[in-house]
Amino acid sequence: MMLALTYDVGNIWLDSLLGLLAIIVLMTVGALALIWLERKVSARIQMRLGPMRVGPYGLLQTLADAVKLVGKEDMRPRSADRWVFELAPFVVFVPAFVAFVAIPFTRDWAVAFLDLGLFFIVAVTGLSFVGFLMAGWASDNKYALLGGLRAAAQLISYEIPMVLSLIAVTMIVGSLNLSDIVIYQGRVPLFVWQPLAFFIFIVAALAELERQPFDIPTAESEVVGGPFIEYSGIRWSIFYLASYTNLIVYSLLGALVFLGGWDWPLGREAGLWLQVLLTFGKTMFLILLFMWVRFAMPRLRIDQLMSYCWKVLIPLAFLQIFLNGLVLVYGWPDFTLLLTSGAGLLLAGYIVDRTVRADPRTLRMVPANPGAAEPAAADSAGS
Amino acid sequence: METVDINVNMGPQHPSTHGVFRMVLTIDGERVMDVEPHIGYMHRGAEKLSEEMDYRQAIGYQDRTDYLAQFMNEQAYCMAVEKLLDIEVPERAEYIRVILCELNRIASHFMFLGAFGIDLGHFGTSFTYGFREREHIQDIFEEVTGERLMYSYFRPGGLVWDVPDNFVQRVRDVLPKSRQGLQDLDMLLTGNEIVSVRSRGVGVMSAEDAVSWGLSGPLLRAAGVEWDLRRDKPYSIYDRFQYDIPVGTHGDVYDRYLVRVEEVRQSIRIVEQALDQLPDGPIMPEKMPRKLRGPEAEIYSAVEGARGEYGIYLVSKGGDKPYRLKMRSPSFCNLSALRDMTIGNYVADAVAILGSIDIVLGCVDR
Amino acid sequence: MLGILKSMYVTMNAMMRKPVTIHYPDHHRDVPQRDRAFPILLWDKEVDEPFCTGCHACERACPVECMTVVMKDNPLHADGKSERRKIVDQFWIDYGRCMRCNICVEVCNFEAIAMNNTWAGHELSKFDRNDLVLDLDQLLSQHKQGKIDAWVPE
Ligand code: SF4
Ligand code: SF4
Chain L
7 MMLALTYDVG NIWLDSLLGL LAIIVLMTVG ALALIWLERK VSARIQMRLG
57 PMRVGPYGLL QTLADAVKLV GKEDMRPRSA DRWVFELAPF VVFVPAFVAF
107 VAIPFTRDWA VAFLDLGLFF IVAVTGLSFV GFLMAGWASD NKYALLGGLR
157 AAAQLISYEI PMVLSLIAVT MIVGSLNLSD IVIYQGRVPL FVWQPLAFFI
207 FIVAALAELE RQPFDIPTAE SEVVGGPFIE YSGIRWSIFY LASYTNLIVY
257 SLLGALVFLG GWDWPLGREA GLWLQVLLTF GKTMFLILLF MWVRFAMPRL
307 RIDQLMSYCW KVLIPLAFLQ IFLNGLVLVY GWPDFTLLLT SGAGLLLAGY
357 IVDRTVRADP RTLRMVPANP GAAEPAAADS AGS
Chain Z
8 METVDINVNM GPQHPSTHGV FRMVLTIDGE RVMDVEPHIG YMHRGAEKLS
58 EEMDYRQAIG YQDRTDYLAQ FMNEQAYCMA VEKLLDIEVP ERAEYIRVIL
108 CELNRIASHF MFLGAFGIDL GHFGTSFTYG FREREHIQDI FEEVTGERLM
158 YSYFRPGGLV WDVPDNFVQR VRDVLPKSRQ GLQDLDMLLT GNEIVSVRSR
208 GVGVMSAEDA VSWGLSGPLL RAAGVEWDLR RDKPYSIYDR FQYDIPVGTH
258 GDVYDRYLVR VEEVRQSIRI VEQALDQLPD GPIMPEKMPR KLRGPEAEIY
308 SAVEGARGEY GIYLVSKGGD KPYRLKMRSP SFCNLSALRD MTIGNYVADA
358 VAILGSIDIV LGCVDR
Chain G
3 MLGILKSMYV TMNAMMRKPV TIHYPDHHRD VPQRDRAFPI LLWDKEVDEP
53 FCTGCHACER ACPVECMTVV MKDNPLHADG KSERRKIVDQ FWIDYGRCMR
103 CNICVEVCNF EAIAMNNTWA GHELSKFDRN DLVLDLDQLL SQHKQGKIDA
153 WVPE
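Residue numbers (my numbering), protein chains in the order written: chain L, 7 to 389; chain Z, 8 to 373; chain G, 3 to 156.
Bear in mind the hints are in silico, worked out from the structure with no lab data behind them. Computed from a prediction, not measured in an experiment: that's the story for all the values here. For glycine and all other residues, C-beta sits at the position ideal for the given N, C-alpha and C. One or more of the hints may lead you astray.
[Said to hold, decoys possible] Simulated coverage check for chain Z against chain L, where a stretch passes if three residues somewhere in it have a Cβ under 8 Å from a Cβ of chain L:
no.: 1; segment: 202-213
no.: 2; segment: 250-256
no.: 3; segment: 265-278
no.: 4; segment: 355-361
[Stated by the list, open to error] Residues from chain G that keep clear of chain L, each with C-beta distances beyond 12 Å, as calculated:
no.: 5; residue: Arg19
no.: 6; residue: His25
no.: 7; residue: Pro34
no.: 8; residue: Glu67
no.: 9; residue: Thr70
no.: 10; residue: Met73
no.: 11; residue: Phe112
no.: 12; residue: Asn119
no.: 13; residue: Thr120
no.: 14; residue: Arg131
Can you build the whole structure from these sequences, using the hints too?
Put into structure tokens, the structure is as follows:
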């Protein structure tokens, strides 16, 4: 599989075909593994065992589920808009898939090294909201419609802080080529210099991935799956696959742009397998972070989601760009980047805190039966 | 541009309606313009059935109304029958009843805390934490009564059988676990900013409105009314314990949540005191009639259930069966305020508000 | 932000603890001695006949009327082997209707009926509702074979 990425047959068609094949395999296996992982992580966070039945530790559970889903009837509501309904899963799926093309996994492994790689990925992944909207509209279901509209609003809004945070980084690097960005970072990954941008990226990625606390379009307890509500069988599983592929794409992107990709602090001459390991490890770190957040957070409301994006994240992202501009124009040393960005991060934290601080809540405690016999265990009673 | 409000049907099969409850929402975009609650999907005619049962048989049906706070229902029913037949309940039975009722309140509130997290969008984490703690308590109940859900353990006059020998120790072992579990949930939810913004200022109900809607229980106390039947209409032996009644200040969803968290703590306090004072003795009065026959009378007895005032109105025309049995279910009365609280809020809030009422459909529909 | 970090901490903390669930069909939890599954009849091993005399007390007391009892003269009594003059002839309990209220056990004067307190008593799924109506042999078989250590209160 890895060989195929670099193998140079000489024929450009064959080359790209092999590359795409490798990506398809990587993506499918990756998504299946991630679904299993997410189930396990969620189980452990919730102190459950998780899937245990199929294979050792339930490793083959997702495979079994995939077989089941493929074997299921592909149902379509009679009043659904046929073509839009049936195409929607692919419109969601293809962008996630295409984004893979531009991602360099190691220094010399990628299907295509694009000079505008970052731009390409952002542009392509931004398309997936069309699919959600199509699914929501075509299903002829009110939950789906609500979910589709929510998805459109959310994905478009959060695209902006995401792009802005990446712009802040590219300002420093001076290139949109992902390889260049990684090579620039060298020993010190960029999240050290740009914590605020990293924070914004993580939050926006969470929103783009529709994971808690931003799973508003698919909110289980409100719109019961949103745009996917009428889908079943293979089409539903394509949505599912797309969401996990997106998870991989955004984690890879974060790992490359902010965590230093295949480089590490101990030296630049990492061997091939070490590079693979580093990219994999950093991606895994982000994936686990996303999963962890998912199971620790409740969900925001749609208006809060929007105001958080437009009133907090976007101004902060502009602030980051502005600060970077100052530092770059005056040629201040690197650590000022850290200082300014760190201050911005604290500001972001303060803004979130303020919502709660503004209205501290205490309950009035009215003692009942104060005259009752003094209990023997009075000191241990009441925590 | 012409816009129309759309009707969205939530339930009876919907993850957030806590059972078979149906709301027809009229929404304008994301705003709820009107709510029409539909109940009755779980109506089993428990009141009518109770008229056909003698006083012992009907206890099983009390479990099945509010199936998360079963002991309180049994307590209310048994109290009504005891009042009717003029039976004195032995000390020990009263203490065990109080211990079990308060444990039941803890279990029920844990269930609420878990489900509340789900309503706010937790992917099951709070739910499993709540369930974990409920399970510890459920184990005690199972050891005592043999059942996990439908205990039918109280009897007019006392209890059906005595608790196992290690009961006191078992409860004492579980209480720290409950405290720990409560702390987990507390850390998970109380301070979380997202929970705060989602629940503060949502579904506000003023004290006057709450009283005129006839709300009771945590909803009423969250609205700022000091009213707890355990204190204000003392029944059983609740006047022997020290505890605090948490009273909210804003009457919104967040206050309801906080009140319940605090009530768990206070219930733990009551259980500890009751365990210390638990006397030995019989669990049934010496001379119980074999067949319970009541005089002509009208009785109302109410307990402070986990969701509010659970009342039994019993009319007897003599004989071994009630002539009429009315259950005043707190869930039903509290649910009636749903429309008022929800209109004007967002769809997501409707779910949170419904969750904060903490209905049990078995209790609403009876 | 602090609250969010706290939530993250507590979930991580829980992740480090041991899972509380068990792998159900492979492992069963222990049921307490008083566990109440469904009522079964007990077998008097000394006389080799059921304890039940077919007195109809439980049948009358059952709130959901899911029991049917038929009584007969005890043949063993005529031979002088048994104290019981009457004995149960037929007995049906519809587990599909039983609400496990324990009243039948309470009213029985002969300690002839008890609640099944084994795990097997809970796993009763059947494809046909009629299979849930158990007759005398089925009700007696478990205690006869010594599979149950029944707990009869008092
Ligand atoms: S089980 Fe007991 S109460 Fe029922 S018929 Fe037999 S002897 Fe009578
Ligand atoms: S447990 Fe209750 S419902 Fe079941 S057979 Fe006995 S009396 Fe009837």
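Any hints this thing doesn't respect? Which numbers, in order? 5, 6
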